[in-house]
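Chains as they are written, first to last, in my numbering: chain D, 100 to 424; chain X, 223 to 514; chain F, 15 to 265.
Hints in this document: simulated from the structure, not taken from any laboratory. Accuracy of the hints is not assured; some may be wrong.
Stated by the list, open to error - Restraint-style ranges between C-beta atoms, simulated for each label pair:
no., chain 1, residue 1, chain 2, residue 2, range
1, F, Arg-76, D, Ile-310, 22 to 28 Å
2, X, Leu-302, D, Asn-382, 52 to 58 Å
3, F, Arg-124, X, Arg-388, 54 to 60 Å
4, D, Ala-104, X, Arg-304, 25 to 31 Å
Stated by the list, open to error - 20 Å max Cα-Cα, derived SDA-like pairs, lysine to any residue:
no., chain 1, residue 1, chain 2, residue 2
5, X, Lys-445, D, Asp-341
6, D, Lys-233, X, Leu-494
7, D, Lys-180, D, Val-191
8, X, Lys-445, D, Leu-230
9, F, Lys-256, F, Asn-227
10, F, Lys-168, F, Arg-183
Computed from a predicted model, the values in this text were never measured in an experiment. The beta-carbon is built from N, C-alpha and C at its ideal position, and this holds for glycine as well.
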Amino acid sequence: MSAHASLLRSARWHPLELVFWVLAFAAPWVLSQHALIINEIAIVALFAVSLDLVLGYTGIVSLGHAAFLGFGAYSAALFAKHIHPDPLLGLVVGMVASTVLGAMCAWTIMRGSDLTRLMVTLGTALILLELANKFSDLTGGADGLQGVMMGPLLGQFEFDLMGQTSAWYSLSVLLVLFVLARRLVNAPLGATLKAVRDNRLRAMAIGIPVIARLAVVYTVAAGMAGAAGALMAQTTGFASLDVFAMDRSADVMLMLAIGGVGWLYGGIAGAVAFKLMYDVIANITPQYWTFWMGLFLVVLVLVGRERLIRPWTWWSAPARKEEAP
Amino acid sequence: MLTLLFDGVAYGMLLFILAVGLCVTMGLMNFINLAHGAFAMLGGYVTVVLMQRHGVPFLVCLPLAFLASALMGVLLERLLYRPLYKKPHLDQVLFSIGLAFMAVASADYWMGSQQQIMQLPDWLRGRTELFADTPFVLGMGHYRLFIIVVCAVLTVGLQYVLSATRFGSRLRASVDDARVASGLGINVNVVFAATFAVGSGLAGLGGALGAEVLGLDPTFPLKFMVYFLIVVAVGGTTSITGPLLAALLLGIADVAGKYYIPKLGAFIVYVLMIAILIWRPQGLFVRQGGKS
Amino acid sequence: MSVDFALQTHGLVKRFGGITATDHVNLNIAHGARHALIGPNGAGKTTLINLMTGVLPATEGRIVLQGEDISRLAPHQRVARGMVRTFQINQLFNSLTPLETLAMVVTQHRGEGARWWQPLGYQALITERAEQLLVQFHLTDVMHQLTGHLAYGKRRLLEMAIALACEPRVLLLDEPVAGVPAGERDELLQTVAALPSDVSIVLIEHDMDVVFNFADRITVLVNGAVLTEGTPQEIAHDPQVKAVYLGTHHD
Numbered sequence: 100m101s102a103h104a105s106l107l108r109s110a111r112w113h114p115l116e117l118v119f120w121v122l123a124f125a126a127p128w129v130l131s132q133h134a135l136i137i138n139e140i141a142i143v144a145l146f147a148v149s150l151d152l153v154l155g156y157t158g159i160v161s162l163g164h165a166a167f168l169g170f171g172a173y174s175a176a177l178f179a180k181h182i183h184p185d186p187l188l189g190l191v192v193g194m195v196a197s198t199v200l201g202a203m204c205a206w207t208i209m210r211g212s213d214l215t216r217l218m219v220t221l222g223t224a225l226i227l228l229e230l231a232n233k234f235s236d237l238t239g240g241a242d243g244l245q246g247v248m249m250g251p252l253l254g255q256f257e258f259d260l261m262g263q264t265s266a267w268y269s270l271s272v273l274l275v276l277f278v279l280a281r282r283l284v285n286a287p288l289g290a291t292l293k294a295v296r297d298n299r300l301r302a303m304a305i306g307i308p309v310i311a312r313l314a315v316v317y318t319v320a321a322g323m324a325g326a327a328g329a330l331m332a333q334t335t336g337f338a339s340l341d342v343f344a345m346d347r348s349a350d351v352m353l354m355l356a357i358g359g360v361g362w363l364y365g366g367i368a369g370a371v372a373f374k375l376m377y378d379v380i381a382n383i384t385p386q387y388w389t390f391w392m393g394l395f396l397v398v399l400v401l402v403g404r405e406r407l408i409r410p411w412t413w414w415s416a417p418a419r420k421e422e423a424p
Numbered sequence: 223m224l225t226l227l228f229d230g231v232a233y234g235m236l237l238f239i240l241a242v243g244l245c246v247t248m249g250l251m252n253f254i255n256l257a258h259g260a261f262a263m264l265g266g267y268v269t270v271v272l273m274q275r276h277g278v279p280f281l282v283c284l285p286l287a288f289l290a291s292a293l294m295g296v297l298l299e300r301l302l303y304r305p306l307y308k309k310p311h312l313d314q315v316l317f318s319i320g321l322a323f324m325a326v327a328s329a330d331y332w333m334g335s336q337q338q339i340m341q342l343p344d345w346l347r348g349r350t351e352l353f354a355d356t357p358f359v360l361g362m363g364h365y366r367l368f369i370i371v372v373c374a375v376l377t378v379g380l381q382y383v384l385s386a387t388r389f390g391s392r393l394r395a396s397v398d399d400a401r402v403a404s405g406l407g408i409n410v411n412v413v414f415a416a417t418f419a420v421g422s423g424l425a426g427l428g429g430a431l432g433a434e435v436l437g438l439d440p441t442f443p444l445k446f447m448v449y450f451l452i453v454v455a456v457g458g459t460t461s462i463t464g465p466l467l468a469a470l471l472l473g474i475a476d477v478a479g480k481y482y483i484p485k486l487g488a489f490i491v492y493v494l495m496i497a498i499l500i501w502r503p504q505g506l507f508v509r510q511g512g513k514s
Numbered sequence: 015m016s017v018d019f020a021l022q023t024h025g026l027v028k029r030f031g032g033i034t035a036t037d038h039v040n041l042n043i044a045h046g047a048r049h050a051l052i053g054p055n056g057a058g059k060t061t062l063i064n065l066m067t068g069v070l071p072a073t074e075g076r077i078v079l080q081g082e083d084i085s086r087l088a089p090h091q092r093v094a095r096g097m098v099r100t101f102q103i104n105q106l107f108n109s110l111t112p113l114e115t116l117a118m119v120v121t122q123h124r125g126e127g128a129r130w131w132q133p134l135g136y137q138a139l140i141t142e143r144a145e146q147l148l149v150q151f152h153l154t155d156v157m158h159q160l161t162g163h164l165a166y167g168k169r170r171l172l173e174m175a176i177a178l179a180c181e182p183r184v185l186l187l188d189e190p191v192a193g194v195p196a197g198e199r200d201e202l203l204q205t206v207a208a209l210p211s212d213v214s215i216v217l218i219e220h221d222m223d224v225v226f227n228f229a230d231r232i233t234v235l236v237n238g239a240v241l242t243e244g245t246p247q248e249i250a251h252d253p254q255v256k257a258v259y260l261g262t263h264h265d
């Protein structure tokens with residue numbers, strides 16, 4: 100196969116991907132009693148994919164990605180409550196708000212070490228948490244922002260209690276943004292990001308403006324997280340302080356740990372696996388599920404994901420990477 | 223106002239002792255350990271259990287808390303942490319968050335989720351006031367005074383060990399360049415293990431000391447992790463005076479912030495931290511040419 | 015200040031704390047030069063390259079590329095103006111294949127590195143150029159393998175190919191044949207020799223055979239400062255140079 104064709108081939112959609120999306124969209128109809136869960140999974144998958152863009156494609160270790168989730172949620176909720184209840188408008192508002200916040204933050208995290216970045220991202224999320232807490236007249240404080248009534252989607256589809264409209268709404272937004280991310284990752288921009296991730300020094304040495312590229316992707320990821328937040332507020336009619344909490348950031352990192360960082364379906368796979376694990380374990384030990392989640396994370400990192408999903412490798416020594424002489 | 227300063231200094235010194243182990247681990251093994259707070263919590267709970275269930279005097283509990291956390295540190299370092307030193311920071315973050323969650327859930331299971339009440343010995347209760355009836359009144363709680371004294375002694379001890387002992391120079395060499403250090407015959411593994419143990423032990427001691435001032439419940443590791451990280455990020459990992467100053471700054475800022483502008487409280491600390499880190503990404507007190 | 019030289023440094027100084035790594039270095043690289051930079055270990059050759067490419071900020075002095083003062087430019091901006099380097103230790107992108115790597119570099123060089131909607135390789139011109147380079151550097155048989163899995167010799171070739179994909183005007187080669195097995199060495203050297211004559215090359219090298227075969231001008235660097243500069247003949251017979259390398263008289 101020619102070079103040209105082979106490069107293009109990796110960007111093309113694999114049949115399995117199409118199957119997956121068809122199944123995903125059929126689910127709210129086939130499994131209609133689970134529509135609410137499907138909605139949740141779609142939203143959290145979107146959040147996970149947006150974080151994957153940061154963790155997997157920029158190498159920035161961010162503990163504060165929930166800042167954008169929350170900012171999008173509150174923006175959309177406040178917009179619906181005080182200005183206009185149309186969901187798509189609110190979605191745009193939430194995304195724009197988070198994108199702007201992301202652009203501001205992108206500038207702050209470019210210098211310093213991993214620890215510096217960790218702290219700045221975490222600090223941002225915590226600052227937003229405090230602000231949301233203190234300005235309780237606006238945000239409802241610790242009780243959360245309640246009673247967000249949404250208008251019908253596209254003027255036609257009411258958000259029903261069954262949750263099917265919500266599920267299809269969230270799945271659609273997930274699909275659109277996923278396609279965007281997918282194209283980005285397979286484009287020259289994505290390739291330069293992988294280059295920066297693999298070897299920043301060399302990336303600079305071939306003319307890649309590293310900081311500018313990272314800032315762009317970080318901002319895009321922030322916008323996507325904002326979309327997830329907006330969906331969350333709109334489909335549940337509610338926005339609360341724990342969108343900013345460390346728990347959220349930790350949950351989604353666990354999803355990516357399970358699903359795999361550095362490939363976009365990692366976020367989706369991780370979200371699905373996480374939700375299933377959560378339901379199973381929470382039924383057995385509702386109080387101490389954080390223990391099992393923590394244990395799982397520890398084992399996952401120690402053993403390595405590739406080995407974990409291949410049980411036959413558990414009893415052999417891990418493969419060593421070749422070092423150049 | 224002097225009282226505020228005093229309280230802030232006490233808080234800061236406590237934070238320093240709690241966080242110094244993390245600074246050295248970060249600087250030495252380049253390992254981001256978000257479970258550090260769990261060692262502190264262990265020390266706190268050990269003290270509570272010994273005092274409440276076995277009537278062990280408070281002063282005796284302190285070195286025992288240190289030992290318990292140090293031993294746990296040695297064990298975990300050898301079994302769990304060591305294989306991960308070379309892994310990317312993301313993996314270390316995931317791992318240590320997992321460990322922290324396990325610690326939190328375990329504490330909840332074994333000790334219950336309520337705040338633990340510390341029964342301080344009588345001679346540590348009470349308060350002395352200097353310059354009373356002046357605007358510069360200095361109210362010194364005896365317990366906080368005790369904390370300051372203990373932490374100051376420990377700090378001096380640490381500085382002495384680092385600068386005047388052979389172990390200290392081995393440690394500094396390993397921090398600067400572990401490969402070269404091991405090429406010089408320094409057993410880097412032993413240095414790592416010992417350092418991790420002492421750092422965890424100090425955290426445990428800090429947890430025991432701090433239970434009265436900071437509160438002790440299963441969410442301790444996560445609640446205070448941010449503060450420890452701030453001390454490390456702002457103070458830098460190339461010395462211990464940097465983190466000391468950072469911890470003092472943090473302690474005073476937090477106490478003063480909560481007093482003068484209670485509506486915003488911790489917000490001030492976070493904004494200050496971000497501002498400092500944007501201005502000096504390597505930390506406020508790092509000497510030029512230090513490693514990142 | 016004329017445009018007679020492709021690359022010049024004026025009084026370049028770099029200090030690290032108390033150490034002067036680069037000591038008032040004046041370099042003049044002519045257009046189309048084959049200029050070698052030699053000196054004992056620790057002489058500061060790689061530091062000089064790092065200063066010229068902008069990886070290290072200079073303490074004092076100026077760098078002029080094709081008549082333009084680039085002392086304040088960021089590394090990626092210098093690359094865009096035609097200054098490209100290779101690294102002594104391979105600096106590659108392990109999770110990409112050679113084909114992807116070269117396609118990416120060519121795309122970036124053509125100013126399209128920020129495109130986000132079309133896939134990498136959408137432009138036939140770009141993939142053709144990448145393929146050209148793959149052929150030139152004998153990498154076609156491994157072009158679909160992950161760089162991380164390549165043998166050392168191939169990695170070294172890729173290292174050079176990446177630099178060429180940037181269409182350099184001034185090429186800085188940092189010990190290009192270090193550690194390369196003998197057969198592939200000649201291949202590599204031939205490729206370097208076959209570079210177009212309008213590309214000016216600065217070569218850091220320890221192997222004197224390579225230096226004397228390749229260079230038309232040699233600068234000798236010792237303790238961060240220029241000891242002397244001249245033609246290969248002059249340098250070969252310079253007693254100072256011999257003393258520095260050998261410590262004693264050599265018959």
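These are the hints, each one checked on the structure:
1. F:Arg-76 to D:Ile-310: 22 to 28 Å: 25 Å, holds
2. X:Leu-302 to D:Asn-382: 52 to 58 Å: With Cβ atoms ~29 Å apart, the hint is violated.
3. F:Arg-124 to X:Arg-388: 54 to 60 Å: Roughly 59 Å apart at Cβ, these two residues keep to the hinted range, so it holds.
4. D:Ala-104 to X:Arg-304: 25 to 31 Å: Distance hint for D:Ala-104, X:Arg-304 is violated at roughly 47 Å.
5. X:Lys-445 to D:Asp-341: Roughly 14 Å between the alpha carbons, so the hint for X:Lys-445 and D:Asp-341 holds.
6. D:Lys-233 to X:Leu-494: Distance ~18 Å between D:Lys-233 and X:Leu-494 Cα, so the pair holds.
7. D:Lys-180 to D:Val-191: 15 Å, holds
8. X:Lys-445 to D:Leu-230: Given pair X:Lys-445, D:Leu-230 holds - Cα atoms ~18 Å apart, limit 20 Å.
9. F:Lys-256 to F:Asn-227: Satisfied, since the Cα-Cα distance of roughly 18 Å is no more than 20 Å.
10. F:Lys-168 to F:Arg-183: 24 Å, violated
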